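Given chain Z, put chain A in place with the hints provided.
So the chains spell out like this:
Number of protein chains: 2
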Amino acid sequence: MKILVQKFGGSSVADLECMKKVRAKVLNEVAQGYKVVVVLSARAGQTNKLVEMAYQWSDEPNPAEYDALLATGEQESVALFSMLLSDAGVKARSFLGFQVPILTDNAYNTARIVSIEAGQFLQELKRFDVIVMAGFQGYSMENRITTLGRGGSDTSAVAIAAALGSELGQDVDCHIYTDVDGVYTTDPRMVPPAKKIDKISYDEMLEMASMGAKVLQIRSVEFAKKYKVPVWVRSTFTNDKGTLVTQEDESMMESVMVSGVAFDKDQVRITILGVPDQPGISASLFVPLSDHDILVDMIVQKASRDGITDMTYTVSHKDLKRALTYTEKVCKEIGAQGVEYDDQVAKVSVIGVGMRNHSGVAAMAFSALHKANINILMISTSEIKISCLIHADQLEKAVQTLHTTFGLDGE
Amino acid sequence: MKILVQKFGGSSVADLECMKKVRAKVLNEVAQGYKVVVVLSARAGQTNKLVEMAYQWSDEPNPAEYDALLATGEQESVALFSMLLSDAGVKARSFLGFQVPILTDNAYNTARIVSIEAGQFLQELKRFDVIVMAGFQGYSMENRITTLGRGGSDTSAVAIAAALGSELGQDVDCHIYTDVDGVYTTDPRMVPPAKKIDKISYDEMLEMASMGAKVLQIRSVEFAKKYKVPVWVRSTFTNDKGTLVTQEDESMMESVMVSGVAFDKDQVRITILGVPDQPGISASLFVPLSDHDILVDMIVQKASRDGITDMTYTVSHKDLKRALTYTEKVCKEIGAQGVEYDDQVAKVSVIGVGMRNHSGVAAMAFSALHKANINILMISTSEIKISCLIHADQLEKAVQTLHTTFGLDGE
Chain Z
-1 MKILVQKFGG
9 SSVADLECMK
19 KVRAKVLNEV
29 AQGYKVVVVL
39 SARAGQTNKL
49 VEMAYQWSDE
59 PNPAEYDALL
69 ATGEQESVAL
79 FSMLLSDAGV
89 KARSFLGFQV
99 PILTDNAYNT
109 ARIVSIEAGQ
119 FLQELKRFDV
129 IVMAGFQGYS
139 MENRITTLGR
149 GGSDTSAVAI
159 AAALGSELGQ
169 DVDCHIYTDV
179 DGVYTTDPRM
189 VPPAKKIDKI
199 SYDEMLEMAS
209 MGAKVLQIRS
219 VEFAKKYKVP
229 VWVRSTFTND
239 KGTLVTQEDE
249 SMMESVMVSG
259 VAFDKDQVRI
269 TILGVPDQPG
279 ISASLFVPLS
289 DHDILVDMIV
299 QKASRDGITD
309 MTYTVSHKDL
319 KRALTYTEKV
329 CKEIGAQGVE
339 YDDQVAKVSV
349 IGVGMRNHSG
359 VAAMAFSALH
369 KANINILMIS
379 TSEIKISCLI
389 HADQLEKAVQ
399 TLHTTFGLDG
409 E
Chain A
-1 MKILVQKFGG
9 SSVADLECMK
19 KVRAKVLNEV
29 AQGYKVVVVL
39 SARAGQTNKL
49 VEMAYQWSDE
59 PNPAEYDALL
69 ATGEQESVAL
79 FSMLLSDAGV
89 KARSFLGFQV
99 PILTDNAYNT
109 ARIVSIEAGQ
119 FLQELKRFDV
129 IVMAGFQGYS
139 MENRITTLGR
149 GGSDTSAVAI
159 AAALGSELGQ
169 DVDCHIYTDV
179 DGVYTTDPRM
189 VPPAKKIDKI
199 SYDEMLEMAS
209 MGAKVLQIRS
219 VEFAKKYKVP
229 VWVRSTFTND
239 KGTLVTQEDE
249 SMMESVMVSG
259 VAFDKDQVRI
269 TILGVPDQPG
279 ISASLFVPLS
289 DHDILVDMIV
299 QKASRDGITD
309 MTYTVSHKDL
319 KRALTYTEKV
329 CKEIGAQGVE
339 YDDQVAKVSV
349 IGVGMRNHSG
359 VAAMAFSALH
369 KANINILMIS
379 TSEIKISCLI
389 HADQLEKAVQ
399 TLHTTFGLDG
409 E
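Residue numbers (our numbering), protein chains in the order written: chain Z, -1 to 409; chain A, -1 to 409.
Looking at chain Z on its own, in the form it has when it is part of the complex (with noise of 0.2 Å):
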């Protein structure tokens, strides 16, 4: 059995004229010996509206029937894309997050996918061509209606083809649509001769996902990875291939040292000055941060001196004000001299997995950036990826001349 798995956003089924040339798409594959396995989110804008209704009744949703409201979005575009299919004459049927059923944890709101139980699933895939699933919600332990979070959908898709694959023992291929044609190797908006890729990996992928690059959730990336499910990211609106999401293997490795640029504007520096540099300092700091839910990207602690050091953490401008907070506090606590921010900052990130192999690619970035005058405050590394910190002014010549050093502009 040929199976493939196709996502569509909330805009891409928007009203009918939308939902129709979303059948076409379905159809097409269908022509071509499919089983296909729709997965919808809810029309634009329905899911903002269920929010704002339970709003309106209460100030704080009680989060179970918080979730059974949202998925009632889904159910409904699932329900009138199915009918679409009936009146094509495709043998077709919905199913809901229960009906699979999709099994989560309860953390409503925000659950996560725990098993699939693919069987029956397979078994209506034989008697039906077309199965169109509602993205986004799932079942919880305690047998209630779960939600995996905005975006949840794109993880709802790439979990569907994992289970129906492993059922099978083969790929099955999950092709997310989005309005755009595929992964660039930046923000074309911001640099002009970006170029689309045909083929990243998994880490790569995530590299780029948590740097902004919107294409798809990381949650459904890292879901991907670790069942090695084929995803394509493809426009809706044109018949490009797209970009596949793939493993890594020894090809990519050793053609490109770097794969795209990646940019990041949500981002806050925070010192504190005057630590006294004693073992348990870092925890006493970010314990306390972490406990309030504020995520810390970036961490650089100066080499001592006099046994006083600096410490510097980026955090978005969201958490800003709390984690002043937490961090004047420990300030005081620790005897530190001071505390200091500075929100006009940004990061640029050099991703690629080619870098396992090419040494010497964090030594180009740097030189790049110090010949176009970008002044480094902070910089991490990963095994494929370096970023640096730089004053936001700065960013859009940053990553300009990375995209230009690493051979990616194209045409």
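Since the hints were made in silico from the structure, they are not lab data.
A couple of the hints might just be wrong.
Because identical chains cannot be distinguished in the list, a pair is counted as satisfied if it fits within a single copy or across any two copies.
Claimed, not checked - Straight line, CA to CA, 20 Å or less: simulated DMTMM-like cross-link-like pairs of lysine to aspartate or glutamate:
id, residue 1, residue 2
1, Lys18, Glu58
2, Lys369, Asp103
3, Lys47, Asp13
4, Lys89, Glu140
Since we're looking at a predicted model, the values are computed, not measured.
Just chain A now, with coordinates in the frame of chain Z:
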């Protein structure tokens, strides 16, 4: 465990303000020590909106998907109402049809309840003070969402009361809240001295309901009768106890001959003239009508004369055109003389279990109508009902006359 089922219709939960009033009614019962099962319809207008949407998407919506779509209406209302209860500090949760589960046959759009497994529901009723159950929806043998047809929420409420009662071995009362404060001896808009009835038998209620007294759905009364569920018809807007619909007892039969006068304006009389009086003639007419889902109400065959007779029956206005078509066809086949119809007729009925003990009710009714110069066109009777077809313009006079004759007028 003291359990009570309360059912509220769409206008009672139309918006936040309405829902808060309903919440007060529920909290009242919780304060009395009841575990409450609240059964809700979709918010007023919501189901119509969803039906409209379905027909925008498809001229003939796939029935199962249509039900999945419509079921979002109740899902929305139970989630929102449960939020309100949680905010009031009440331990509450919603239950959808599939969660109970309310198992139905596979007749999408008009599914019938097959069984209710109330065990898990009852367990949850120990953990929660209030369970808010979606009315109107069930779950089919093939694991898909079904709906019970318009007004199905009444049936849902009675059915869950029956299932819980049987699980517990005790009566579970079911309160159906409406916009009237009970069942009346006749429509007070037509006969102002009409009185509220304190207690009425299931059979009487069935006759009243089938005659257009729209306070309860016929199916819910049938269900209540079968499982002996005490049903209270009450008003959302007052604290009146309402009308108890219950098993017939001796006191009811002895106290009054007639409990109510019902009427039905939706009648058309069709007559086939000059029918050869042969065995099988009735079947040759009524089988085709039944095959085409035309509901025939009253039937009268004139005494045969010279082997020739007239056959008269009534249908509702909406079926007139189709009924005429089939009847004219049969008329030719059997060699009858012709077909006539009269759409200016109406039916008036007196109803009461007391008729079983009191003779002469029919005679009283006929003579009262005669004295009022009302011509009787057709008569049909059952054990607890006498119906007369009359000219439509005499309906109001007929209802008033019978209401007075049988001592039903209030102060």
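Consistency of the hints with the structure:
{"no.": "1", "hint": "Lys18 / Glu58", "verdict": "between (38 Å within a copy, 16 Å between copies)"}
{"no.": "2", "hint": "Lys369 / Asp103", "verdict": "neither (51 Å within a copy, 75 Å between copies)"}
{"no.": "3", "hint": "Lys47 / Asp13", "verdict": "both (15 Å within a copy, 15 Å between copies)"}
{"no.": "4", "hint": "Lys89 / Glu140", "verdict": "between (33 Å within a copy, 15 Å between copies)"}
Of the numbered hints given earlier, the model fails hint 2 alone.
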